[in-house]
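Spelled out from the first residue to the last, the chains are:
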Amino acid sequence: MASPPESRVFAEQFAIELASPLHGAAGGLTAYAAADRQGGAPDLMAVAVPQRAPPRLRALQLLDGRQPGLLAPLGHGVGPAPQDEAGYYVVTPRPPGAALADRLRPWSEAALIEHVLRPVAHVLERMEAAGVTHRGIRLDNVFQARDGHPVVLGQAWATPPAMLQPALYEPPYSAMCLPAGRGEGTIADDVYALGALLLVLSLGEVPAVAQDDAAMLRRKIEVGSFHAIAGESRLPAAIADLARGMLAEDPDHRPTPALLLDPSAARGRRVAARPPRRAQRPFQLAGMAVWDTRTLAFAMAMQPEQGLQAMVSGTVTQWLRRGLGDAGMGSRLDEMMRHRAGEGSAERGADAFAVMRMIVLLDPLAPLCWRGIALWPDGLGSALAAAIGTDTNVMTRLDEIVATEAIASWATLRPDRCDHALLRMEARQHRALAQIRGPAGGLMRLAYTLCPLLPCGSPLVAARRVVGAADLPPALEAAAKVVDQDTKPVDAHIAAFLAARSERRLETETNGLVGNADENGVALARLRLLAQLQLRYYQRPLPALCGWVAAHCQPLVDSWQNRPRRAALEHRLKEVTAAGFLPPIVGLFEDAAARAEDAIGAQQAAAAVARIDAELAQIEAGGEERAVTARRIGQEIAAGAGLLALASMLAMAAFG
Amino acid sequence: MARSKADPKRHSLVWLQGLACGALAALVPSLAVMIGILLGPGLVMLVLDQEPTKPVARAVLLCGVATVVDPIRALWSAGHGLDASLALAGDLRVVGTAWSAAAAGWLLAELAPVVVRAVLEAGGLARAAQLRAARARLAEEWGLPDAEE
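Top line first, the protein sequences correspond to chains F and U. Quick note: the first sequence, position 572, residue 572 per my numbering, numbers continuous. Quick note: the second sequence, position 15, residue 15 per my numbering, numbers continuous.
It is worth saying that the hints were derived from the structure and are not from the lab. Each statement offered as a hint is correct.
What follows is a set of in silico ranges between Cβ atoms, one per label pair, in the way DEER data are often shown:
hint: 1; chain 1: U; residue 1: Gly-143; chain 2: F; residue 2: Lys-481; range: 31 to 37 Å
hint: 2; chain 1: F; residue 1: Gln-435; chain 2: U; residue 2: Gly-143; range: 37 to 43 Å
hint: 3; chain 1: U; residue 1: Gly-143; chain 2: F; residue 2: Gly-622; range: 29 to 35 Å
hint: 4; chain 1: U; residue 1: Val-114; chain 2: F; residue 2: Pro-564; range: 46 to 52 Å
hint: 5; chain 1: U; residue 1: Arg-137; chain 2: F; residue 2: Ile-600; range: 16 to 22 Å
hint: 6; chain 1: U; residue 1: Gly-143; chain 2: F; residue 2: Leu-535; range: 30 to 36 Å
hint: 7; chain 1: F; residue 1: Ile-619; chain 2: U; residue 2: Val-114; range: 18 to 24 Å
hint: 8; chain 1: F; residue 1: Gln-435; chain 2: U; residue 2: Arg-137; range: 49 to 55 Å
hint: 9; chain 1: F; residue 1: Gly-622; chain 2: U; residue 2: Leu-46; range: 30 to 36 Å
hint: 10; chain 1: U; residue 1: Leu-16; chain 2: F; residue 2: Gly-656; range: 30 to 36 Å
hint: 11; chain 1: F; residue 1: Gly-622; chain 2: U; residue 2: Gln-17; range: 37 to 43 Å
hint: 12; chain 1: F; residue 1: Glu-590; chain 2: U; residue 2: Arg-137; range: 28 to 34 Å
hint: 13; chain 1: U; residue 1: Gly-96; chain 2: F; residue 2: Ala-617; range: 48 to 54 Å
hint: 14; chain 1: U; residue 1: Arg-127; chain 2: F; residue 2: Ala-579; range: 49 to 55 Å
Computed footprint of chain F on chain U; a stretch qualifies when at least three of its residues, placed anywhere within it, have a C-beta under 8 Å from a C-beta of chain F:
hint: 15; stretch: 65–72
hint: 16; stretch: 123–131
Where is the CB? At the ideal position from N, CA and C, for every residue including glycine.
Using the sequences provided together with the hints, build the complete structure.
Structure representation (C-alpha cells):
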C-alpha cells in the first residue's frame with residue numbers, strides 16, 4: 001500500500017483553530033491558534049503560507065523542535081483554510097508577548113545589550129552552527145514577553161528568505177533584489193538586520209526615510225547603511241560602535257554572532273576597510289547623482305539601458321578617469337566594451353550581459369543584475385514561483401537569465417565571493433530543465449524543481465494546496481466532482497509539477513506529453529501518467545477521476561477502426577471506470593497486438609472496398625460493351641440455328 | 001461498322017461467287033431459276049444487309065437453303081427441265097415454305113441479340129447487388145464512407 005500523504009500526518013498531529021486568528025503574531029502573515037494533538041502543547045500557532053511563496057524547506061528540516069529565543073518550526077503541512085479550502089501551514093510556538101513594534105520606545109544601552117543583542121546573538125550562533133539563516137529580524141517579528149525579558153525571534157520559515165523584510169533591515173545588496181529572490185544569504189545578513197534593529201530601538205522610532213523602501217535603499221547606497229538609518233541622531237557610543245560594525249556594507253566586515261556575545265570585544269573590533277574613492281563632482285545617470293563606483297553600479301542596475309548608453313558613448317569611462325581618478329577601472333570597462341563589440345550584440349541578451357559584467361566590475365558585492373531586476377542565484381526558484389502567472393516582465397528576464405546561463409557568467413566574474421564551479425554546474429542544470437519542451441518542461445518545471453514545497457499551481461487543484469505527488473490523486477478526485485468535464489485533467493502545471501516531484505519515477509510518462517503532435521498520443525500519455533500516479537502513490541479507488549479521464553478517452557476509442565470492437569471497448573471502459581482504477585483503462589488502449597490486427601483489418605477492408613467500387617464502376621460503364629457482345633452472340637445463334645436446319649434437311653434428304 | 005474500303009480477299013470471293021452463279025445459270029438454267037425464286041428474300045437481304053459479315057442475310061439464306069433441298073431433289077427427279085422448274089417455283093406451298101423459312105431466319109437474327117442482351121443485363125444487375133451488399137457490410141464494420149450515389 002502507498003504511504004499516507006504527508007498532509008494527513010500533519011493533520012493528525014496538529015489541530016488548527018481557524019476561529020482563533022492571532023493578529024500580529026507572524027510578522028505580517030496570517031496565523032491561527034493551534035495545538036498539538038499528541039503532545040498536548042496548546043500554545044502553538046499555525047502560520048499560513050501565502051500563495052506563490054514557497055516555505056523554506058532547508059530551515060524547516062534543520063530547525064525542527066523548540067529552541068529558546070526562537071519561534072522554530074515544529075511541523076508543516078496542509079490543513080484546513082477558510083471558505084472550505086486547504087492551506088499550507090508552518091506550526092511554531094506562539095510568541096511570548098507582543099511584537100516590539102507594538103510598544104516602540106527608546107531602549108537603554110544596557111537593555112539593548114542584555115535583552116536584545118546577547119539573546120539574539122545566541123540564537124544566531126546556534127543557527128549558524130545548524131547552517132541556516134533567519135532573514136526575518138525586524139521590528140514586527142521580534143517579540144518580548146515582558147519588560148526585562150529577552151526578546152524572541154519570530155518565525156521566518158513560511159515565506160522565501162527575507163521576502164517580507166523592509167529595506168531598512170536588509171543590506172542594500174539584498175534589498176535591491178526581487179522580494180522573493182533574495183536567497184538564503186548568510187548569517188552576516190542577520191547580523192546586519194540585528195544592527196538595524198538595535199539602531200531603531202535605540203532611537204525609539206523608525207526613521208522617516210524608511211517609510212519608502214526605494215528611498216531607504218538609495219540612501220543606504222549613497223551614504224552607507226549606518227548613516228542612512230541613524231542620520232544625525234545622537235546614539236549611545238557603545239550602540240553606535242556596535243551598529244556601525246554590524247551594518248558594514250561588506251558582509252565579511254561584520255562581526256560574527258559569537259563575537260557579538262561579548263559586546264565590548266565586538267565594539268573594539270576594527271576592520272580596516274578601504275573607504276571607497278569618491279568623486280569631487282557627481283555624475284548624473286538616470287536621474288541619480290553618482291559619486292563613486294558603488295552608486296554607479298547601482299544606477300546601472302536600476303536603469304540598465306541608460307547605463308549602457310552612457311557606457312557606449314564613453315561618458316562613464318571619461319568620468320571614471322577624470323572625475324573619480326580611477327583610470328584602472330576605466331581601462332577595464334573599456335576593455336570589456338571592446339570585447340562586447342568583438343562578440344557582436346546580436347547574441348541573445350548581449351546588452352544585458354554587458355551591463356551585468358560592468359556592474360560586477362564596478363561593485364563585486366552586488367547581486368546578479370539583469371535588465372532592471374536583481375537577485376541572488378539561490379533565490380531563483382522562489383523568484384520564479386512568485387512571478388509565474390503574475391509578472392510577465394520578471395518571467396521574461398528570469399527566462400533570459402536561465403537560457404543564457406547568466407548565473408555562471410556572473411559567478412565566474414567574482415570567483416572569490418562564491419563557489420563559481422557549483423553555480424556554473426547549477427546554471428547548466430537549470431538551462432537543461434528549462435529547455436525541455438512541452439508541458440513537463442520550461443520555467444514551470446524549474447520552479448517546481450527548485451522549490452520542493454511550492455504547491456501545484458494548477459487551477460484544478462490550487463485550492464487544495466498539493467505539495468507532494470501523493471497529494472495529487474485525492475485532489476484530482478475532488479476536482480473531478482466539480483470541474484467541467486471538458487477540462488483536461490492534466491494541464492501544464494500538473495505535468496511540470498509531477499515531472500519535478502516524482503523523482504524520475506514518472507519521467508517516462510511525463511516525457512510522453514512532449515513532442516507528441518498526435519492528439520491520441522497525448523491523450524494516451526496523459527492516461528498513462530495518471531495511471532502510474534495512482535499505481536505508485538495512491539492505490540485506492542478514484543471513481544470520479546476515472547470518469548473524468550474516461551470522458552477524454554473518446555478519441556482513443558474512436559481510433560479503433562473496427563466498429564464491433566469499438567462498441568465492445570466502450571462497454572468495457574464503462575465497467576472499468578466504475579471500479580475507479582486507472583491502470584486497467586490504460587490496458588484497454590495499450591493492446592499492441594490487437595491494435596496491429598485492427599490496422600491490418602482496416603487496410604484489407606479499404607482494399608476490398610476499393611476493388612468492389614472498381615467492379616461496380618465497370619458494371620455501370622459496361623452497357624455498350626454488353627450490347628455489342630449480345631448482338632454478336634445473338635447473330636451467331638441465328639446463324640447456328642440456320643446451319644442446324646440445313647444440316648437436318650440434308651440428313652433427311654440423304655437418309656429419308 | 002461499314003468498311004470504307006473493301007477487302008481485296010472479299011472481292012475475290014464475290015468474284016468467285018459470281019462466277020459460280022453464272023456457271024450454274026449457264027449449265028443448269030432451270031435449277032438457277034428455281035433457286036433464285038425460292039432464295040429471293042435471302043438474296044435481297046444480301047443487298048440490304050450493310051454489316052460486313054452479313055449476319056442477317058446469312059441466317060436468312062441458311063434457313064432458306066434448308067427448305068430448298070426438297071424442291072431440288074424434286075426438280076432433279078423430274079428431269080430438271082425449265083417447265084418443272086417453273087412449276088415448282090410457282091407452287092405456293094413450296095414458295096411459301098421457302099420464304100417462311102427465310103422470314104424465320106430473319107426473325108431469329110433480329111431477336112436473338114435482344115434476348116442475349118437481356119440475359120447479360122440481368123447477370124450484371126445481380127452481380128452489382130451482390131457487390132453493394134458486401135460493400136455496405138464492410139463499410140459498417142470498419143466505418144468506411146458510404147458509396148457515392
